[in-house]
Amino acid sequence: MSRAPRQLLRSVASFLIADGLGVVGAVLFSILLGRLRGAEELGLYSFSMAQGLLLQLFVEANFVVTLPQEVARAGTIASPLRQAQLAKWYLALIGFPLGVGLTIGLGRADALAPTVAAFVVSLLHSFVSSYAALLQGLGALQLLGTVIAVSSTAGALAGIAAVVAGWPLVPVILVQGGVGALSAWVWFGIALRRWQPGWPLWRTYAVEFLRDVFARGVRGTWEAVLDVLRERWYWIAFGFVTNGYMRFGVLFLGWIGAEAAAIGAYSAAQRFMMVLRMIPNAFFRVLLPQFAKLPGQFSEPWAVGMSAAVGVPIAAGIYGAAPWLIEWTFRIPEAVPMLQVLAWAFPGVMLSHLTEAYGLTLQERQRQIVLWAAVVLGLGFLSAASLLPPWGSIAVAYVYVGMETLYALGVMLMVWGQRRKVRHGAAVEL
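Residue numbering for the sequence shown follows numbering that gives the first Met the number 0, beginning at 0 and increasing consecutively.
Because the hints were derived from the structure by calculation, they are not lab data.
Any given hint could be a false lead.
Stated by the list, open to error - Restraint-style ranges between C-beta atoms, simulated for each label pair:
1. R210 / P389: 56 to 62 angstroms
2. P300 / G104: 45 to 51 angstroms
3. R193 / P389: 54 to 60 angstroms
4. Q141 / L111: 39 to 45 angstroms
5. E222 / R366: 21 to 27 angstroms
6. G391 / L209: 49 to 55 angstroms
7. L408 / V217: 45 to 51 angstroms
8. K292 / L101: 39 to 45 angstroms
No residue lacks a Cβ here, since even glycine has one placed at the ideal position from N, Cα and C.
Please put together the full structure from these sequences, using the hints given.
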């Protein structure tokens, strides 16, 4: 094996270990919560955290995608980080109160306090993610993987301790999310001193943001918010429609007023998909900056072949093992058929991540990918609404599989069309 593939596999393995420890820790926390407190509390937790993810995606504005590319090309971190963090402060200024207002409007009093707690920890993670993006762009992938693994595990263990101690759900959420985010923040600050000596560990840009707000006044601040939204709108939309796919079922069931126990059953099955997704996530995070510098390394046959070779056997294995997996973990029988259906989304998830890693480096296709993801998500909500009455909550699992597969195929066609266009243009010039 040549040096380049070996390096790729080592980098992917480091992210797999990191995500594995972090995701498995979160799954163990969810298993313990479900077994000790039942499907209802697991459902409330999952719904609250899914709504918190929406706020995080809004505030992050997908700098996790663009910041590593910018750092990889320019080789500098101070200016890109400042721009990203100030933009996030402006988005948080309107995102947090808007999220609380919308949650109140849902009329689910049982989920209001946990959702507000989830909003708080989601904001912490959105700011910390910028530091992770810097290390990714600098190529410090193994170090990044270590920080993610340790901090995520620390947060999960803190949450488990809070559950075992019998704490209410709100402090459990704050402890789990807060310990993970703050430990990563300190470690990232220390790590960045290799490239930026004297880097302030606790720099938040909050003072700089407040000075800017006072200097601008109300009207100027609103104009600054609109400027950020105009610049980042399609990245925000991309974050919603792609990352939102995984939380689609929990959000849909929560928004239509389904019982918390039904949400908990779907969430139990979904947790296994979270573990599986660490495989394509690792490839995406490694290949994104690599394709930004060397786009010629991507090929459609490789992406399709890798997705089939990895995705189909894993999906088949999960389908067969679902009864035992649920019995050994959550002990929620209603989750078994959910998991058997959800497993078949994995080949599509693998394909979409591999093609996104290349497609998002193409300026000509970025907005088309976002639009396609939004169309598929809209079709998913419409399909779930129509299939739910006759099929029950299992319909949401079928719809999710269809969404992931349809989205992956669409992105692949876009990438193939762009590459064919470029090759045709090169041939004409010759």
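Find the hints from earlier in the document that the structure breaks and name them by number, from lowest to highest. none
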